[in-house]
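Assemble the whole structure, with the sequences as input and the hints as a guide.
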Amino acid sequence: MEHARHVFRVLFVLLVAVVGIVLVRSFLVPASYGLYGPYRFDNVAEQAAIRPPLHGGAVACGECHEDRSKAVAAGVHRSVSCEVCHAPLGRHVKGGDVVAPMAVDRSFTLCARCHRKIDGRPTAFPQVVLEQHVQGGLEGRVCLECHDPHSPKL
Amino acid sequence: MDDNRSTRRDFLSNAITLGSGAVVFLSGTSLAAGEEHPAERYDWEAHRYAYVIDTTKCIGCGSCVRACRAENEVPDGYFRTWVERYVLSAESSHVDSPNGGLDGFPPMQAGFAPTKSFFVPKMCNHCKETPCIQVCPVGASYRTRDGVVLVDGQRCIGCGYCVQACPYGSRFLSPKTHTAEKCTWCYHRVTKGMKPACVEVCPTATRLFGDMKREDDPVRRILEHERVAVMQPHLLTEPQCFYLGLDKEVR
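Chain order of the listed sequences is Y and Z.
Here the first sequence is numbered in the numbering used here, starting from 307 and rising by one per residue.
Here the second sequence is numbered in the numbering used here, starting from 346 and rising by one per residue.
It is worth saying that the hints were derived from the structure and are not from the lab.
Check before you lean on any hint, since a few could be wrong.
[Unchecked claim] In the DSSO-like style, the derived pairs of lysine-lysine whose C-alpha atoms are separated by at most 27 Å in a straight line are:
1) K376/Y x K537/Z
2) K461/Z x K400/Y
3) K402/Z x K593/Z
4) K376/Y x K402/Z
5) K461/Z x K423/Y
6) K376/Y x K400/Y
7) K459/Y x K402/Z
8) K376/Y x K540/Z
9) K537/Z x K558/Z
10) K537/Z x K400/Y
11) K593/Z x K423/Y
12) K459/Y x K376/Y
13) K402/Z x K423/Y
14) K540/Z x K400/Y
15) K461/Z x K593/Z
This structure is a prediction, so every number in the text was calculated from the model and none was measured.
If you want it as structure tokens, here you go:
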């Protein structure tokens, strides 16, 4: 009988340990962990909803600015998204309401980022050697004095 | 008699402990088993994303880098995507990426007569057999069924193993959250049927995002008909970013 009690005590301690581990584990391991692999599946939905999309795309801009988007679509800048030169749509419109005026960048550097002649650009891409472009140099002038950014052909 | 009483008492207390433990354990698993992808009307089994970068078209404007920064609130000085410029001759080479190409590229003096030069946009390759997931000790890095490698910011302990493991340098530890961050292919956009921000703003169609489970997909067509390359194929990471016109100098 004494031996049986010893065995029982050992079993009891083991049982308590197992129950304890199961309890602690159930609290520590997130509910969706391991459903599809060794990660927390709930995070997939969290990532999908991490923030509302900021960039809307040219089609979204055209919903309000149809005339403008048509003019751009007819010119050589048709493949340039509005948000490249302006700003992401989300800074201008939120939930269908205009929250801030759209930024308009008229700077020389905006055009130069794509069209200044530098090493690296494909040779077929239209590039400008600044020193040879206009008489008197480009110092202090902006491209938009002569070019229409939405259809920049001269 | 005394022995019997004490064992009965023990038995009852054990039964209660075990029973409550089992209830907690089972409730945890049964809760999880019935769930579906919570993103509304989105079935991640119906997509498998892939990305194509045509380096022959890139003009180095950096619009993608700026768009990524704005879209994903990437901290200053860190990049989820960036653009590198390669200026090469037979003997010499020069590679630069001033501020990741965020403000475009200035003219440069290579110090030698270059015979070819080009831009290479870079980002997470969303590898199928990716080392970054293998080294994560807490199960924070994982690959979704639709083929996107993501980091669970709640699980990540910021050990930086994955940053070290990535052969493409695509990950960083955020100075804000102190957890690993990386390109998500704009998972918050693509699950809504939109393109990643970098693809959305690319003016020369250098960057293309597609779905291999769509038959008429332009990226799928390129992978089926063109000769595409991946970066560092000898590592067998099976990148899902495919390059057109990739030079041997690009790593």
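Taking the hints in turn, this is what the structure says about them:
1. K376/Y x K537/Z: Holds - the C-alpha atoms of K537/Z and K376/Y are around 26 Å apart, at most 27 Å.
2. K461/Z x K400/Y: violated (45 Å)
3. K402/Z x K593/Z: Satisfied, since the Cα-Cα distance of roughly 17 Å is no more than 27 Å.
4. K376/Y x K402/Z: Holds - the C-alpha atoms of K402/Z and K376/Y are around 25 Å apart, at most 27 Å.
5. K461/Z x K423/Y: Holds. K461/Z to K423/Y sits at ~15 Å (cutoff 27 Å).
6. K376/Y x K400/Y: holds (23 Å)
7. K459/Y x K402/Z: holds (21 Å)
8. K376/Y x K540/Z: It holds: about 22 Å lies between the C-alpha atoms, which stays within 27 Å.
9. K537/Z x K558/Z: Holds - the C-alpha atoms of K558/Z and K537/Z are around 16 Å apart, at most 27 Å.
10. K537/Z x K400/Y: holds (17 Å)
11. K593/Z x K423/Y: It holds: about 25 Å lies between the C-alpha atoms, which stays within 27 Å.
12. K459/Y x K376/Y: holds (16 Å)
13. K402/Z x K423/Y: Judged against 27 Å, a Cα distance of about 15 Å means the pair holds.
14. K540/Z x K400/Y: holds (19 Å)
15. K461/Z x K593/Z: holds (13 Å)
Checked against the numbered hints given earlier, this structure breaks only hint 2.
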